[in-house]
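Participant: Sequence:
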Amino acid sequence: MVSDFLYHQYGLSESAISILADSGNIMTFDRNHNIIQEGKTEKSSYLIISGCVKAHLNHDGKEVTFWFGFEGDLLFSYNSKFLNSPGYESITTLEKCKLWEIKNEWLEKCCHENIEIANWWRRMIEKELLKTERRLIDRQIKPAAQRYLDLINDYPQILQRISLGNIASYLGISQVSLSRIRRGQ
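Everything in the sequence shown is counted per numbering that gives the first Met the number 0, starting at 0 for the first residue and increasing by one.
Read the hints as simulated data drawn from the structure, not as lab findings.
Even glycine gets a Cβ: it sits at the ideal position worked out from N, Cα and C.
Treat the hints with caution; some may be incorrect.
As the list claims (entries may be wrong) - Straight-line alpha carbon distances no greater than 30 Å define the calculated DSSO-like cross-link-like pairs of lysine-lysine that follow: (1) Lys-42 with Lys-102; (2) Lys-95 with Lys-39; (3) Lys-80 with Lys-95; (4) Lys-95 with Lys-126; (5) Lys-61 with Lys-95; (6) Lys-130 with Lys-102; (7) Lys-126 with Lys-39; (8) Lys-126 with Lys-108; (9) Lys-80 with Lys-42; (10) Lys-39 with Lys-80; (11) Lys-130 with Lys-39; (12) Lys-102 with Lys-126; (13) Lys-126 with Lys-61; (14) Lys-42 with Lys-126; (15) Lys-130 with Lys-80; (16) Lys-108 with Lys-141; (17) Lys-97 with Lys-126; (18) Lys-130 with Lys-95; (19) Lys-97 with Lys-80; (20) Lys-80 with Lys-61; (21) Lys-61 with Lys-141; (22) Lys-97 with Lys-42; (23) Lys-108 with Lys-61; (24) Lys-97 with Lys-108; (25) Lys-42 with Lys-61; (26) Lys-80 with Lys-102; (27) Lys-97 with Lys-61; (28) Lys-126 with Lys-141; (29) Lys-141 with Lys-39; (30) Lys-130 with Lys-108; (31) Lys-97 with Lys-130; (32) Lys-39 with Lys-108; (33) Lys-97 with Lys-141; (34) Lys-130 with Lys-42; (35) Lys-42 with Lys-108; (36) Lys-39 with Lys-61.
Unchecked claim - Just the calculated beta-carbon pair ranges, DEER-fashion: (37) Asn-118 with Lys-61: 21 to 31 Å; (38) Ser-173 with Asp-21: 43 to 53 Å; (39) Glu-70 with Lys-102: 27 to 37 Å; (40) His-58 with Arg-160: 20 to 30 Å.
Produce the entire structure from the sequences given, and follow the hints as far as they go.
Facilitator: Next up, the structure:
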């Protein structure tokens with residue numbers, strides 16, 4: 000299963016896929032499962048095969064959602080992955096998810112030994128960094144209504160998969176404000 004996914008999603012060679020497939024584990028989680036917990040150092044990275052997740056943190060007792068992940072997306076704690084220190088975020092499943100888990104230490108070893116895997120991993124990280132930059136810039140310069148429309152255009156299935164409460168949190172607005180935006184469309 001992960002072999003087909005890696006081939007169709009990323010076009011990796013059979014040898015690279017064989018190395019990666021043998022290095023990771025397929026894991027299935029029900030809805031509302033915390034994959035990564037705030038304040039803990041996570042030793043693995045994950046690739047979403049099916050399902051969706053949210054990254055969130057607690058700010059003054061309020062949950063703030065700042066990222067959604069879907070099929071083909073990579074999920075990991077930045078602090079844990081790059082600094083080997085506790086993460087500030089939690090990542091929770093929003094529906095039943097099938098993930099491919101690979102230990103960070105093993106992934107580093109694979110990257111050192113195989114240039115194709117190293118390049119694939121670099122492209123994955125670049126993709127995540129570019130998406131993060133876009134979210135930061137959009138949050139600074141675009142009004143919530145435009146960010147909502149962009150979200151719907153980027154992820155047409157989002158309204159069927161993610162609650163309006165989570166979408167409002169992601170946009171940094173209340174559910175009442177989101178309802179007004181949706182009525183104004």
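Participant: With a cut-off of 30 Å on the C-alpha distance, tell me whether Lys-80 and Lys-102 pass.
Facilitator: Roughly 10 Å separates the two Cα atoms, so the pair holds.
Participant: Lys-141 and Lys-39 were given as a pair; does the straight-line alpha-carbon distance stay at or below 30 Å?
Facilitator: 33 Å, violated
Participant: Please work out if Lys-42 and Lys-126 have their alpha carbons no farther apart than 30 Å.
Facilitator: This hinted pair holds, its Cα atoms lying about 21 Å apart.
Participant: Quick one, are Lys-97 and Lys-80 close enough, alpha carbons at most 30 Å?
Facilitator: 21 Å, holds
Participant: Next pair to validate is Lys-97 with Lys-126; report whether the Cα-Cα distance is within 30 Å.
Facilitator: 21 Å, holds
Participant: Could you say whether the range 20 to 30 Å given as a hint is met by the Cβ separation of His-58 and Arg-160?
Facilitator: 24 Å, holds
Participant: Check whether the Cα positions of Lys-130 and Lys-80 lie no farther apart than 30 Å.
Facilitator: It holds: about 18 Å lies between the C-alpha atoms, which stays within 30 Å.
Participant: Compare the distance between the alpha carbons of Lys-126 and Lys-39 with 30 Å, and conclude whether the hinted pair is satisfied.
Facilitator: 25 Å, holds
Participant: Taken at face value, is the distance from the CA of Lys-108 to the CA of Lys-126 at most 30 Å?
Facilitator: Judged against 30 Å, a Cα distance of about 21 Å means the pair holds.
Participant: For the pair supplied as a hint, Lys-80 and Lys-42, confirm whether the alpha-carbon distance does not exceed 30 Å.
Facilitator: 7 Å, holds
Participant: Sort out whether Lys-61 lies within 30 Å of Lys-39, counting only the CA atoms.
Facilitator: The given pair, whose Cα atoms are some 19 Å apart, holds under the 30 Å limit.
Participant: Given the proposed pairing of Lys-42 with Lys-61, does the C-alpha separation stay at or below 30 Å?
Facilitator: 27 Å, holds
In summary, the structure is inconsistent with hints 16, 23, 29, 33, 37 and 39 from the numbered list given earlier, while agreeing with the others.
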